[in-house]
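Participant: Dock the two chains into a complex; use the hints.
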Amino acid sequence: DTGVSQDPRHKITKRGQNVTFRCDPISEHNRLYWYRQTLGQGPEFLTYFQNEAQLEKSRLLSDRFSAERPKGSFSTLEIQRTEQGDSAMYLCASRDSFNYGYTFGSGTRLTVV
Amino acid sequence: QQPVQSPQAVILREGEDAVINCSSSKALYSVHWYRQKHGEAPVFLMILLKGGEQKGHDKISASFNEKKQQSSLYLTASQLSYSGTYFCGTPWGDGGSQGNLIFGKGTKLSVKP
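If you read the protein sequences in the order shown, they are chains A and B. Residue 85 in our numbering sits at position 85 of the first sequence; the count goes up by one each step and never skips. Residue 3 in our numbering sits at position 3 of the second sequence; the count goes up by one each step and never skips.
Extracted from the complex, chain B is given alone in its bound form (with noise of 0.2 Å):
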């Protein structure tokens, strides 16, 4: 099952922070972030894994709970060019079988002046 991001589109001044959510009906062994720009291939921001810690670098986080089946990914004092869609994504099968992905619908993301 796709995941559901919340919120679908969120518009943000320089330095303010924003939050992203990401949730799945099924249990999840890892979540992936990714950023796409207009008109860009995704580019791969962290993952997360079971059992692990919250990762991050630079200003951007994500946190993952795995007994509420949801990543949420932090955006703290926000730049311009953090302005793209954020997509998360999850594994498609069982903990034995993590092929491919599946991509929540995104959250665009916008950073005004």
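Pulled out of the complex, with its shape left as it was, chain A reads as follows (with noise of 0.2 Å):
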């Protein structure tokens, strides 16, 4: 047990351009998350998948932002044309109960300039 990985660990980018995050979960965790926290703030919930199933998505997940989750293996979080408003910590969590808690990765810095 590896814990959760996230990889980049930074990210800067100009605004306009596509980022793709990468999130390994525990191996036998069949749920992942995504969230964004923002200074001061909670954890914000993007999306949720069991296995390779996407099961919900909030409504603060524009069309720009995708997520998938091949095989119910890793999963990949795109945010396409990129703006100053998406510059946060993105947190990749996995839990394989839900009785039991997250277990959240250290996150990708994203600062889009």
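By construction, these hints were calculated from the structure, which means they are not laboratory data. Just so you know, not all the hints are guaranteed correct.
[Stated by the list, open to error] Label pairs and their in silico Cβ distance ranges:
(1) B:ASP58 to A:ASN18: 41 to 51 Å
(2) A:ARG22 to B:VAL43: 17 to 27 Å
(3) B:GLU16 to A:ASP63: 42 to 52 Å
(4) A:GLN50 to B:SER25: 22 to 32 Å
(5) B:LYS50 to A:LEU55: 36 to 46 Å
(6) B:SER25 to A:ASP63: 26 to 36 Å
(7) A:LYS71 to B:GLN79: 23 to 33 Å
Quantities reported herein were computed from a predicted structural model and do not represent experimental measurements. A virtual CB, placed ideally from N, CA and C, is assigned to each residue, including glycine.
Facilitator: Below, the structure is given as structure tokens:
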């Protein structure tokens, strides 16, 4: 059990560029979550996968955001045409049951300049 | 709806006690508590389930009042390592849909020597 891994740790991009983040959950966990966190706020839900199925998606997730979890293993979150408002920490978490807590990854800090 | 946490911030001396509250406007089936240190990912502390008992480990415990739709986190004889921001998280949907959590805005706890 190596925990939840996220890559990259930091990303600086110019406005209008596309970015993709990767999350590798704990291998036994079939539930995977993406959250976004800005300074001084709690994590904000983006989307949720159970195995490879994307079961829930926040209304905050505009059509510029897309997430996948092929084969129910790692997941990617892509942001197209980035905007300055997308600057945030993007957190991935996983768990194997509703009665257990999340294990969060260290996050990817995105800065849009 | 986002759970409401109080207080927003608290400063303690080592050895003092603190209580952090989390309340929701809707029926709760479970409450999660996490601690996040500056620059790090949130770390799961405990989950309280509807009908379950008060939980705790070491000198951190929590209660869950289903009727009042609130939970409280108790930190006893605080240590410097308790410093951080504490978040409660509650399930997004109704009892049958607990895919993701909504987090409160957090309570910043600072323990001074």
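Participant: Now, for every hint given, state plainly whether the structure supports it.
Facilitator: Quick rundown of the hints versus the structure:
The given range of 41 to 51 Å is respected by ASP58 of chain B and ASN18 of chain A, whose C-beta atoms sit roughly 45 Å from each other. Distance hint check for ARG22 of chain A and VAL43 of chain B: the Cβ-Cβ separation is about 22 Å, which falls inside the suggested range of 17 to 27 Å. A C-beta distance of roughly 49 Å is found between GLU16 of chain B and ASP63 of chain A, which places it inside the suggested range of 42 to 52 Å. The hinted window of 22 to 32 Å between GLN50 of chain A and SER25 of chain B holds, with their beta carbons roughly 27 Å apart.
Our hint of 36 to 46 Å for LYS50 of chain B and LEU55 of chain A is violated, since their Cβ atoms are close to 22 Å apart. Under the hint 26 to 36 Å, the C-beta atoms of SER25 of chain B and ASP63 of chain A, about 30 Å apart, fit the expected range. The supplied range of 23 to 33 Å is broken by LYS71 of chain A and GLN79 of chain B, whose beta-carbon atoms lie about 43 Å from each other.
Consistency note: the structure conflicts with the earlier hints numbered 5 and 7.
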